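Just need the whole structure built from these sequences, with the hints factored in.
Spelled out from the first residue to the last, the chains are:
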Amino acid sequence: MSHQSIRVALFVPCYVDQFYPQVGKAALQLLEKCGCTVDYPDEQTCCGQPLANSGMEQAAKPIYHHFVETFGSYDYIVVPSASCAYHVSHHYDVIEQTEVVKKVRESIYDITAFLTDVLHIESLGARFPHKVGIHQSCHGLRGLQLARSTEQMIDPYSKWEHLLHMVSDLELVQLERPDECCGFGGTFAVAEEAVSAKMGKDRVRDHLNSGAEFITSGDMSCLMHMEGLIRRNKWPIQVKHLVEILNTDG
Amino acid sequence: MGSQKSINHAAAADKFIANESRTDWHNASVSYLRKKRDVGAALVPEWETLRSLASGIKNNVLGNLDQYLEQFEKNAQANGVQVHWAVDAESHNRIVTSILERHKVKLLVKSKSMLTEECHLNPHLEARGIEVVDTDLGERIIQMRDEGPSHIVAPAIHIKKEEVGELFHDQLQSEAGATDPQYLTEVARQHLREKFLNCDAALTGVNFAVAETGGVVVCTNEGNADMGAHMVPLQIHCMGIEKIIPRQQDLGVFLRLLARSATGQPITIYSSHHQKPKEGGEMHIVIVDNGRSKHLGRDTFRNALKCIRCGACMNSCPVYRRSGGYSYGYTVPGPIGSILTPGFNLEKYKELPFASTLCGACSAVCPTKINIDEQLYKWRQKVYEEDYLDKTKETGLSVAGNVLSSAKKYKRASALMRWALKWMPRFMTHNRFNAWAKKRELPEVPGESFRDWYRKNRK
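Here the protein sequences line up with chains A and B, keeping their order. Just so you know, we're using our numbering here: the first sequence kicks off at 1 and counts up by one. Just so you know, we're using our numbering here: the second sequence kicks off at 1001 and counts up by one.
Keep in mind that the hints were calculated from the coordinates and are not lab data. Computed from a predicted structure; not experimentally measured.
Incomplete in silico selection of chain B near chain A, CB under 10 Å: (1) 1351; (2) 1362; (3) 1377; (4) 1379; (5) 1380; (6) 1384; (7) 1393; (8) 1394; (9) 1406; (10) 1407; (11) 1421; (12) 1452.
Label-pair restraints from in silico Cβ distances: (13) 1269/B <-> 234/A: 49 to 57 Å; (14) 93/A <-> 1198/B: 58 to 66 Å; (15) 1046/B <-> 209/A: 29 to 37 Å; (16) 1161/B <-> 130/A: 42 to 50 Å; (17) 162/A <-> 1275/B: 53 to 61 Å; (18) 1456/B <-> 162/A: 28 to 36 Å; (19) 156/A <-> 1197/B: 51 to 59 Å; (20) 106/A <-> 1431/B: 43 to 51 Å; (21) 1392/B <-> 93/A: 25 to 33 Å; (22) 120/A <-> 1046/B: 25 to 33 Å; (23) 1194/B <-> 205/A: 41 to 49 Å; (24) 1431/B <-> 234/A: 15 to 23 Å.
C-beta: ideal position from N, C-alpha, C; glycine also.
In structure tokens form, the structure reads like this:
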């Protein structure tokens, strides 16, 4: 399928840019594999969520304006982070709603939803012969509704599972608590250090008990938090962003 | 604004979690309620429709509360009920006391009232020589321990049966070392039976007050609220102004949601309708504001008053389950408490909106669809606007904000940060001042950022 007529801007969240460049590369390559013409606007910085979640959205407004200026001319803005996509689409309501602001809020997509809902990907040619547990990030799950949460009494669906089912030899494990938060929560991770670390530990333990070799998620921030615990405790499990798995060779 | 000391949720949570096996036990006990809720709710095909109906009815109530309250008062009075209005906790306590003193009440039995906990009625009455006995088992246990509730539906959920055994042994002379729940319940039953037989008045909370009938509905599992109200001529029911529902038929929505959301039961064992005084008796209803009408005036936050006190948000909250009810420093803890309390006293409760990862489980489970996580986010903005944000945090984030609004500054700062993390000795990055690194490793620093790679390979 060719989507070359669609101009896609890749937004690489600040912490991914700095600590997980391989996730940015995988997202770029994956979008190109799917036939998109992808640009990486050099002026990009951050969506402003770290400030806003701490109560400082007034102080984040210059970041919002910078974001809109950087990404305003593209058909789609795609980001390998449900959390950033959620923030731009839901919380940029505090700046003046000009045409371009409205357009940016509507055209930003978490890469999972972009692959399933815009590109309608049905096959990938990826292979990952491992047992994998999905960490359903809360902003992806309940914020962007990428899957049904256990609270909702509706028919189950999952855009993450839909994509991972296309990966050869990958085995998804069953978790005891499929949608418990990992405890990252941005500045929560340090402000509420004890609860945050305990939540992360419980989350990783669930994946370990299920026999998973890898934890995957659409949000690297959750994985960064859990990876920090995994490495400190030398637990036999690794983390990988969803796009790293989807971008493997078949 | 009050000058009381702020609640330090993080510190209280830290202390709670220090006993990890107990934290795991607490998490499992509370999670069990949530699991039962999932099973119970799944059996109702129209569950999501019921939630929408409940939300709509409550929105209507909040939009027309003055009229419904007056309608309720008129109908209750027509039934022979004496209706009292209390503007705050103090006037509530005064009203209750004056009713009891007029009847020379020595012993009051009380059941199912978070509101009287909110108003601290017990110490008020005890100071005036009136004995109060909470008759629901969980409430009685915490009363005997001289504690407040740690959960609004299961007030003693933080206490183990072994501890109940010790407590009853000390105060009710039960067998030492007893842990059998059936035995302990029987001990409580005999103890309470004596109180019921000797009490002079009964007081209950209210789950729903029906405007069109003037009656109140009390939902319980143990029946102790009924035992009290039926034993004596004098019955008092205390309710917040938000407990109103317009019509009797609306109970068909709320009763189906309440018990399932709370414990997974299709309905509470008793849904008791109190409509008029017994022959020769008196029935009083005390309608309490205590900050609610002020909250009603806040557009962004008003719908927190849709709460029917089922506790599902607590049972679903990964933070509450690991920090315990007392870490919130208020009668109503957990997510709903964290959006109600800042409205009472922002300075005192400024930390509570931050005692959340904003995971959204609370909003998704709420039977009346309160947007709890969004309100937590909005309260955080208020904390900053009213200048209550921690200054260290604020300064750090202001610097970050300045850097992140310019690509040039961001590139320069990030290069510096990666350099520092890569080359600084470990003791400088992993120390007690770095809360991240207390139990977690920092991410490994790659050779180049994505941006650097892109510029080299793609431009």
